[in-house]
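Student: Here is what each chain is made of, one letter per residue.
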Amino acid sequence: MSLPFAQTALRTALSSMRASPVTSLVAVATIGLCLLLIGAFVLLVANMERLLDHFGEEIRVSVYLSEETDIEAQQQLAARARIAPGVLEVELLTREAALERFRQHQPEHATLFEGFGESPLPASLEILLAPEQRNEQGVAILVESLSGLPGIGELGYGHEWVSGYAHVVSLLYGAAVALCCVLLPATFLIVAGTIRLSLYARRDEIEIVRLIGGSRGFVASPLLLEGITCGACGGLLGLVLLYLCYRLLLPAFEGGLSLLIGTAEPVFLGIGAACGLIAAGALLGLLGATIALLQDELRS
Amino acid sequence: MPRDNVARGASDALVRLFHVSKSYLAGSFALRDINLELGRGEFALLTGPSGAGKTTLLRLIFGAERPSEGQLLVLGRNISRVGGHSVAPLRRRIGVVFQDFKLLPRHTVEQNVGIALDVMGVPAREKRARVFAMLKRVGLEARRAHHPLSLSGGEQQRLAIARALVNRPQLLLADEPTGNLDPDLSIEIMELIAAFASSGATVLVATHDHGLLRRYGRRVLRLEAGELVDDGVSGAQP
Ligand SMILES: Nc1ncnc2c1ncn2[C@@H]1O[C@H](COP(=O)(O)OP(=O)(O)O)[C@@H](O)[C@H]1O
Ligand SMILES: [Mg+2]
Chain A
1 MSLPFAQTAL RTALSSMRAS PVTSLVAVAT IGLCLLLIGA FVLLVANMER
51 LLDHFGEEIR VSVYLSEETD IEAQQQLAAR ARIAPGVLEV ELLTREAALE
101 RFRQHQPEHA TLFEGFGESP LPASLEILLA PEQRNEQGVA ILVESLSGLP
151 GIGELGYGHE WVSGYAHVVS LLYGAAVALC CVLLPATFLI VAGTIRLSLY
201 ARRDEIEIVR LIGGSRGFVA SPLLLEGITC GACGGLLGLV LLYLCYRLLL
251 PAFEGGLSLL IGTAEPVFLG IGAACGLIAA GALLGLLGAT IALLQDELRS
Chain G
1001 MPRDNVARGA SDALVRLFHV SKSYLAGSFA LRDINLELGR GEFALLTGPS
1051 GAGKTTLLRL IFGAERPSEG QLLVLGRNIS RVGGHSVAPL RRRIGVVFQD
1101 FKLLPRHTVE QNVGIALDVM GVPAREKRAR VFAMLKRVGL EARRAHHPLS
1151 LSGGEQQRLA IARALVNRPQ LLLADEPTGN LDPDLSIEIM ELIAAFASSG
1201 ATVLVATHDH GLLRRYGRRV LRLEAGELVD DGVSGAQP
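Line order of the protein sequences matches chains A and G. So in the working numbering, spot 77 of the first sequence is number 77, and the numbers just go up one at a time. Just add 1000 to wherever you are in the second sequence, counting from 1, and you've got the working numbering.
Calculated directly from the structure, the hints in this document are not laboratory data. Worth double-checking, as some hints may not be accurate.
To be verified - Restraint-style ranges between C-beta atoms, simulated for each label pair: (1) R18(A) - A1142(G): 23 to 33 Å; (2) G1041(G) - L283(A): 49 to 59 Å; (3) H1146(G) - R18(A): 19 to 29 Å; (4) P185(A) - D1182(G): 54 to 64 Å; (5) A273(A) - A1142(G): 54 to 64 Å.
We put the beta carbon where it would ideally sit given N, CA and C, even for glycine.
Could you build the full structure based on these sequences and the hints that come with them?
Tutor: Given below as structure tokens:
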């Protein structure tokens, strides 16, 4: 697209938007609200996923070792666990270390085991699985490869709660996709309607421009630019609204939110996602305008 | 096939019609079996009563209509079959003065002329200079910031001509450019067109103004009920 061509297109697009400010504003507001809703879901899911990753790193599968194992046998079992499939790290927690850790983590109960000559807690292997193995299947594989070895007791892990949480995240993710499926076509149609109105308003003008040799691109580009401009403005509006909601409404929902994302500090969309939201608006506008132009071409 | 006609035609003809017919409604012809050539630099008038098919013939030549039958060569291209969008480049080489002017009401005089250069992608600076020169030539330079609807009929007509000429087309088509003007104004408009014709462009003007036919009629094509009934030098026409 040559410079004079682009200048003309931009000038025409802006004057067309100025000529029908109400329809342009309706399009901008529609795209803005649509992207606000989608952005809110993205924000929630992103925060929940972040938490999920965080949990993942905390999850250790504890393999308790029976009383009879001596330190040598424990070290052998740890070495054996290190080469088990899907295992990232193995830490051997001797009985003394387990007691020490218990006292550190629960100082209020620190006196509970006082007086025992020896630690009453079993030794264990604290196993960190590779990220892709942090699920029921990964644990099952681990159990399979360790069970039956002499000295291996029971396995314990906080896995169930996490997999429930992961399930909620994927449900929300599905809800966001469903929401997009409903909102995006509706938004397309509204943008297409706006561009169609511009097209009608300028019908005579466009016909004249065609008669004096205006190419298809020359006629279409101001309308496409109008769609893109409305869309990008809508995206920006959605982003601003989302930020305002985040800032103003979040404190009011602290309680409910902590159910969803726990004590983790919520974060707003990063710069990439924010630009993505504006770009999504521009894309919506472009597609809406394209639909309007194609419809028009089919009709004439 | 009228191949022999092609062979006989002057090699530098800008417009050639071979057995062209146009029918808007089945069974009735707006134009019937027209054979015609316009050479480079030729200045021809197209005449005939209202409804004879003058506008239709002009519209066929700049690709606003497609012939129902026959072949149509314009500026070396067979436009009998080209689709809607591929006529755009051709139209940029043809200046058209429409009977109803077809000015852009929401644009200024200057922009109305400029749009003909916009569609060609002429840079802004060059465009301004050429538009100004053109407006000066038609005597509208003082009105360049006005809107077409605030102009008189004669001024609108001159604006329509300015837009048609500003990109120096090889072919100028004018549909009754003196239609509703008084005789003095008609002469003024025709002088503008004749001056352009004498610069080497091919010009076809539809008119039923007998005064103009006598004055400018070097070659007169006469249509009646869609048929080309006369193609010759005027003066004898009543
Ligand atoms: N778009 C159209 N649809 C149907 N009939 C048309 C159309 N345009 C012109 N005609 C008919 O074609 C004939 C020639 O019209 P036109 O070319 O406008 O004649 P002129 O310009 O010589 O007055 C007329 O009978 C007119 O009614
Ligand atoms: Mg006519």
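Student: Mind listing which of the numbered hints don't hold for this structure, in increasing order?
Tutor: No hint contradicted; all consistent.
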